[in-house]
Amino acid sequence: MEAFQNLGFWETLLVTVVLSALPLVFILLYALVTIYLEMKVAAHMQDRLAYMRTGWHGVLQPIADFIKLLQKEDIISVAADRKLFILAPYIVFMGTYAAYAAIPFSSIFIGSNIDLGAFFIVAVSSLVVVGILMAGWASNNKWSIFGAVRSAAQMVSYEIPTALALLIAVMITGSLNLQEVTQFQSGGIQNWLIFGGPLPLLQKILVIPFTVITFLILFVASLAEVNRTPFDLPEAESELVQGYFTEYSGMRWALFYVAEYANMFLVAGVAVALFLGGWESPFGSFLSGPIWGMFWFVIKGMVLVFVQIWLRWTLPRLRVDQLMYISWKVLTPFLFVCIIAIGLILVL
Amino acid sequence: MTAVGIYFNNIWLALSSIAIGMRITISHLFVKNVTTQYPDFKLKMPERARNRLYVNIDDCIGCDQCSMACPVDCITIETIKSTPDQDLGTTSTGQKKRLHVPVFDIDIAKCCYCGLCVPPCPTDCIVMTDVYEFSEFDRQNLIYNFSVMTSQDIEQARVKLKKAEEEAAAKKAASAAAAKAAAPPPAEKPAGPPQSQPPSTPTPDSSGQPGKS
Numbered sequence: 001m002e003a004f005q006n007l008g009f010w011e012t013l014l015v016t017v018v019l020s021a022l023p024l025v026f027i028l029l030y031a032l033v034t035i036y037l038e039m040k041v042a043a044h045m046q047d048r049l050a051y052m053r054t055g056w057h058g059v060l061q062p063i064a065d066f067i068k069l070l071q072k073e074d075i076i077s078v079a080a081d082r083k084l085f086i087l088a089p090y091i092v093f094m095g096t097y098a099a100y101a102a103i104p105f106s107s108i109f110i111g112s113n114i115d116l117g118a119f120f121i122v123a124v125s126s127l128v129v130v131g132i133l134m135a136g137w138a139s140n141n142k143w144s145i146f147g148a149v150r151s152a153a154q155m156v157s158y159e160i161p162t163a164l165a166l167l168i169a170v171m172i173t174g175s176l177n178l179q180e181v182t183q184f185q186s187g188g189i190q191n192w193l194i195f196g197g198p199l200p201l202l203q204k205i206l207v208i209p210f211t212v213i214t215f216l217i218l219f220v221a222s223l224a225e226v227n228r229t230p231f232d233l234p235e236a237e238s239e240l241v242q243g244y245f246t247e248y249s250g251m252r253w254a255l256f257y258v259a260e261y262a263n264m265f266l267v268a269g270v271a272v273a274l275f276l277g278g279w280e281s282p283f284g285s286f287l288s289g290p291i292w293g294m295f296w297f298v299i300k301g302m303v304l305v306f307v308q309i310w311l312r313w314t315l316p317r318l319r320v321d322q323l324m325y326i327s328w329k330v331l332t333p334f335l336f337v338c339i340i341a342i343g344l345i346l347v348l
Numbered sequence: 001m002t003a004v005g006i007y008f009n010n011i012w013l014a015l016s017s018i019a020i021g022m023r024i025t026i027s028h029l030f031v032k033n034v035t036t037q038y039p040d041f042k043l044k045m046p047e048r049a050r051n052r053l054y055v056n057i058d059d060c061i062g063c064d065q066c067s068m069a070c071p072v073d074c075i076t077i078e079t080i081k082s083t084p085d086q087d088l089g090t091t092s093t094g095q096k097k098r099l100h101v102p103v104f105d106i107d108i109a110k111c112c113y114c115g116l117c118v119p120p121c122p123t124d125c126i127v128m129t130d131v132y133e134f135s136e137f138d139r140q141n142l143i144y145n146f147s148v149m150t151s152q153d154i155e156q157a158r159v160k161l162k163k164a165e166e167e168a169a170a171k172k173a174a175s176a177a178a179a180k181a182a183a184p185p186p187a188e189k190p191a192g193p194p195q196s197q198p199p200s201t202p203t204p205d206s207s208g209q210p211g212k213s
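Line order of the protein sequences matches chains A and B. Counting in the numbering used here, the first sequence runs from 1 upward without gaps. Counting in the numbering used here, the second sequence runs from 1 upward without gaps.
No wet-lab data here; the hints were simulated from the structure. A couple of the hints might just be wrong.
Looking from chain B toward chain A, a few residues come up when the C-beta cut is under 8 Å (computed) [unchecked claim]:
id, residue
1, M1
2, I18
3, L29
4, V34
5, T35
6, Q37
7, L142
Pairs of lysine-lysine residues, derived as DSSO-like cross-links and limited to a Cα-Cα distance of at most 27 Å, are as follows [said to hold, decoys possible]:
id, chain 1, residue 1, chain 2, residue 2
8, B, K97, B, K32
9, B, K163, A, K40
10, A, K40, A, K83
11, B, K171, B, K160
12, B, K96, B, K44
13, A, K40, B, K32
The beta-carbon is built from N, C-alpha and C at its ideal position, and this holds for glycine as well.
Let the hints inform the model, and build the full structure from the sequences given.
Listed below in structure tokens is the structure:
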């Protein structure tokens, strides 16, 4: 937003509001597309068809669902803690949406080009845990509180591998600013951080195995961060009905739902910005530019979202102890090894 | 295997099995689906499918055997005897009809589609069809009335029967208990259901069935 520095107060306010609403528009459109995509992928992986009757191959179904949710009764149970109950979905969504501020959609569009971008995302998306705990507690329902507690334990544990994986990207690029991290990877697919970035050849070859592992770990940890299968214990249907949002209905429920989908793209976006070249074109300067940049960013993000969906319909849910085992005994030690190895290679 | 070996082996097993699973699921994206878009396309019912009951009332002789066979009592039949001067015609199997059938109701909501009513029918007039789409908003609409007699027809038949009975009673009184052979014995009724309709034999029906009228 440096371009708008010589505007008056009201103009600045207007520009700020419009620009900060852009990701919201994106999230809503993206959520509609992804809900449709998820159902279709799920069905076709099971040799079914999914929505077929609303529009061509059911493309209008997410809109119909949205209208239905708008009309539904807003139920708040008597025993619920009313204030917290109402507040919780907003906090969850806010935590997710605030993180979008530091996501570089394109070379010219980033909500807030702060130097602590990666750190800000990790920090502010922790707010989601507060919202989820709040929802579980305020619902005054055993399923909800179990779901919330599981979710809190899970997200807190998986924040460590996520943060360590971010740290590795920061070690190589030397910046927490996601825009700079992205620019660091310019020049085509071979310069993406997952392939070692634009380092000298020897270092690059040595560093590639560790960056690939780091990327995989970041992806796995981010799956757990957003409570997706195989880490969907907080909303394990068979045990907890719907986990922390069992008691929610109508638009409040939809807000959780949208936040969940927004979170999916958020973690995909972070992984893309850090390891897959962000908005950089995979063909160097070919097809690059601000608009193409946005295109590439969204495409890369959607590919990762597709992989998340693909995993969801492939893997069964983990047990709680397995979940903790993976985080503390597998992902974290592997990342420590990666950090040490990459650190040594970088000073080479 | 040492503990370290087990640790790395577990990781390897997890990764390789995830890869196998993902390969299977992605391959199914390109497999032809098995869904039939039901209201647009319907699967052909099997030849001997048992669905909605149908009664060809023209062939019904009012013997009440289907109603007796029904395990859930969903068939209600009422009959009125015809008088000797009336000719109700014959069924398509060549049997003479001796009873009016003013009521032949099937409560299809109760029907359990066992098909037990079909074999006893001496004239093959009750059959199970392959129609399965007959949901209704009002439960009353699920009681199917197969009788074609109008209320006037029924009234006429009753009056006629009454007259004939009175005449017969008068005649009986006149002949003063001379002839007691009027009541035929109820015959041997093999109540076993699975005899498949021998078209004419075991039905000295009409007289055996008192009817409910």
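A quick look at each hint next to the structure:
1. M1: violated, 17 Å
2. I18: Check passed: Cβ of I18 (chain B) comes within 7 Å of chain A, closer than 8 Å.
3. L29: Interface hint status for L29 (chain B): holds (5 Å vs cutoff 8 Å).
4. V34: Holds. Min distance 5 Å.
5. T35: The hint holds - T35 (chain B) has a Cβ within 8 Å of chain A, the shortest such distance being about 4 Å.
6. Q37: Holds, about 6 Å.
7. L142: violated, 27 Å
8. B:K97 to B:K32: violated, 56 Å
9. B:K163 to A:K40: The hint is violated at about 74 Å.
10. A:K40 to A:K83: violated, 37 Å
11. B:K171 to B:K160: Holds, at about 16 Å.
12. B:K96 to B:K44: Violated, at roughly 37 Å.
13. A:K40 to B:K32: holds, 14 Å
Against the hints set out earlier in the document, violations occur for numbers 1, 7, 8, 9, 10, 12.
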